[in-house]
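All chains should be modelled from the sequences, with the hints used to inform the complete structure.
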Amino acid sequence: MNPINEVHVSEPGLVVVDVAAADDDTALAFQQLLAERWATSPAQNTTHDVGQPGVRLRCYLDMWQEPNG
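Quick note: the sequence shown, position 64, residue 64 per this note's numbering, numbers continuous.
Where hints are given, some of them may not hold.
[Stated by the list, open to error] Pair by pair, the computed Cβ-Cβ distance ranges are:
1. VAL50 to PRO3: 28 to 36 Å
2. ASN45 to ASN5: 12 to 20 Å
3. PRO42 to GLU11: 16 to 24 Å
4. PRO12 to HIS48: 28 to 36 Å
5. ASP24 to ASP62: 19 to 27 Å
6. VAL7 to GLY51: 12 to 20 Å
7. VAL7 to PHE30: 20 to 28 Å
8. GLU66 to VAL16: 13 to 21 Å
9. VAL9 to PRO67: 13 to 21 Å
If you're looking for bench data, these hints aren't it; they were derived computationally from the structure. We put the CB at the ideal spot given by N, CA and C, even for glycine.
Shown next as structure tokens:
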């Protein structure tokens with residue numbers, strides 16, 4: 001994963017969430033659970049690191065805004 005950009009955590013309530021999961025469906029389902037509770041900037045795709053098990057996903061959320069959608 002890339003380093004966390006300072007702007008993504010520049011004030012209280014902003015969160016960067018890195019997810020490691022066994023597969024795409026699990027990672028994206030978890031992201032959906034977050035989106036139902038908080039405003040998120042969702043990832044569209046997961047990534048896979050060669051030689052590592054599972055997939056990774058990064059999303060950003062704002063605990064002070066209403067959920068998306």
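Verification of the supplied hints:
no., hint, in the structure
1, VAL50 to PRO3: 28 to 36 Å, "violated, 20 Å"
2, ASN45 to ASN5: 12 to 20 Å, "holds, 19 Å"
3, PRO42 to GLU11: 16 to 24 Å, "holds, 20 Å"
4, PRO12 to HIS48: 28 to 36 Å, "holds, 33 Å"
5, ASP24 to ASP62: 19 to 27 Å, "holds, 25 Å"
6, VAL7 to GLY51: 12 to 20 Å, "violated, 31 Å"
7, VAL7 to PHE30: 20 to 28 Å, "holds, 24 Å"
8, GLU66 to VAL16: 13 to 21 Å, "holds, 20 Å"
9, VAL9 to PRO67: 13 to 21 Å, "holds, 20 Å"
When each numbered hint is compared with the structure, violations occur for hints 1 and 6.
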